[in-house]
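Required output: the full structure, derived from the provided sequences and hints.
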Amino acid sequence: MADSTRGRVDEEALDEVVRFTSDLIRIDTTNRGGGDCQERPAAEYAAEQLAGAGLQPTLLERTKGRTNVVARIEGTDPSADALLVHGHLDVVPAQAEDWSVHPFSGEIRDGVVWGRGAVDMKNMDAMILAVVRAWARLGVRPRRDLVIAFTADEEASAEDGSGFLADEHAGLFEGCTEGISESGAFTFHDGSGRQIYPIAAGERGTGWLKLTARGRAGHGSKVNRANAVTRLAEAIARIGAHEWSVRLTPTVRAALTELAALYGIDPDLDDPDGVDVLLGKLGPAAALVEPTVRNSANPTMLEAGYKVNVIPGEAVAYVDGRYLPGGEDEFRTTLDRLTGPDVDWEFHHREAALQSPVESATFARMRAAVEEFAPEGHVVPFCMSGGTDAKQFSRLGITGYGFSPLKLPEGYDYGALFHGVDERVPVEALHFGVHVLDRFLRTA
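In our numbering, the protein residues as written are 7 to 450.
Check each hint, because a few of them may be wrong.
[To be verified] Once the Cα atoms are required to be at most 30 Å apart in a straight line, the calculated DSS-like pairs of lysine-lysine come out as:
id	residue 1	residue 2
1	Lys313	Lys228
2	Lys70	Lys228
3	Lys313	Lys216
4	Lys228	Lys216
[As the list claims (entries may be wrong)] Each pair of labels, with its calculated beta carbon distance range:
id	residue 1	residue 2	range
5	Ser106	Lys228	50 to 56 Å
6	Arg143	Ala374	35 to 41 Å
7	Leu144	Glu377	32 to 38 Å
8	His225	Val322	18 to 24 Å
9	Met307	Gly421	21 to 27 Å
10	Leu65	Ala102	26 to 32 Å
11	Ala267	Glu416	18 to 24 Å
12	Pro278	Ala142	37 to 43 Å
Hints were generated in silico from the structure; no laboratory data involved.
Computed from a predicted structure; not experimentally measured.
No residue lacks a Cβ here, since even glycine has one placed at the ideal position from N, Cα and C.
Here it is, written out as structure tokens:
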């Protein structure tokens, strides 16, 4: 059996991760949120690669064509808890006319793989497949059982993906206590030569809201003190202008503490003003934590009326709300106050906030894996401002981390590439990811 303590993959794995990323991008799995996405071709592709590694993947659907893949790798320590390694197969839409290359070409040009999903998150899917297949060739087994899951529908409600798996197929995840997935261990360049590698140990909760204002319908030329559009607009303006209070979770406090030490700053994190002062001193690195020191609510959609000279009796708006672990009660009471007596609100979609320990052995092993292959880097914990499939898997008691390693050159804005135009990933970043993921998963 190959050495189980030090990451080591073969050249074929480095070739495969590039090919798999390109191949998966070429399979159009656009999820517009209306249920028309078809992940099955990508799921079958992933299942074929897993089967080639001697595994027995299971394909599961709640809705025809919305396919998920699950497989288990037996570890060497039967007393150890299992680890879930998951990635989603769907992607957000892309307008081809806006791109330098066709977004579903998977083109490899000048050492870069282009296309929708290159960072979110077919790159990580490809890394998982490349590592698993390398292990099969090299005779490697991990210390703990690994459950590999490729999911549908993450870019919408997850009802056909991780939600369906957690609710209907919990047995496939027996023994899993922790999981890793997207949005962590990527290179963040701070503009002054530092390379920071944030590993996610938490997510803000999702509170997508529907606001409904009701009033008296009537002619547009008449005085109307009960105009639903006016009532809605006033509520939306209050929500958009609201300044939320600082709320530090343990993960965010740890992130600020480590960043402050990196920059030689002595912060007062018990003073809300001190948190903002620290953020102002961190420069570009503040972007890693600034969205997660507070709850937030951003109006995004408005629906009202059907004719310019008719005052409608109802007006509707949608708000993208996010709340920190422990912050949902504050979020609810604040929305009650901001909407006022003439506007009702309800959750259009709601998912829990998550928090994972940064002092865990698993986090330490992720940190060590990154530092082995990027010794010049500085690993810090952080909380995601948005959410992932880890929310649904948390229903099974699985603690989630964001760990999809990429070593990016300066000029690559990881955050902007998510859902952005000209999404792309360097080949060398994929190679780094395979090395780091292999190193971590062997001993996790």
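Structure-based check of all given hints:
For the given pair, lysine 313 sits about 15 Å from lysine 228 by alpha-carbon distance, which is consistent with the 30 Å threshold. Restraint check for lysine 70 and lysine 228: not satisfied, since their Cα atoms lie roughly 52 Å apart, outside the 30 Å limit. A hinted pair counts as satisfied when its Cα atoms are at most 30 Å apart, and lysine 313 with lysine 216 qualifies at roughly 22 Å. Distance hint between lysine 228 and lysine 216 is fulfilled; the C-alpha atoms sit about 28 Å from each other, no more than 30 Å.
Serine 106 and lysine 228 have their C-beta atoms about 53 Å apart, which keeps the hinted 50 to 56 Å range intact. Between arginine 143 and alanine 374 the C-beta distance comes to about 25 Å, which lies outside the given range of 35 to 41 Å. Between leucine 144 and glutamate 377 the CB atoms are about 23 Å apart, so this pair departs from the stated range of 32 to 38 Å. Roughly 21 Å separates the CB atoms of histidine 225 and valine 322, a value that falls within the hinted 18 to 24 Å.
Separated by about 23 Å at the C-beta atoms, methionine 307 and glycine 421 satisfy the suggested range of 21 to 27 Å. Leucine 65 and alanine 102 have their C-beta atoms about 30 Å apart, which keeps the hinted 26 to 32 Å range intact. At roughly 23 Å, the beta carbons of alanine 267 and glutamate 416 sit within the given window of 18 to 24 Å. Remark: the range hint 37 to 43 Å for proline 278 to alanine 142 is contradicted by a beta-carbon distance near 53 Å.
Going down the numbered hints, you'll see the structure goes against 2, 6, 7, 12, while the others check out.
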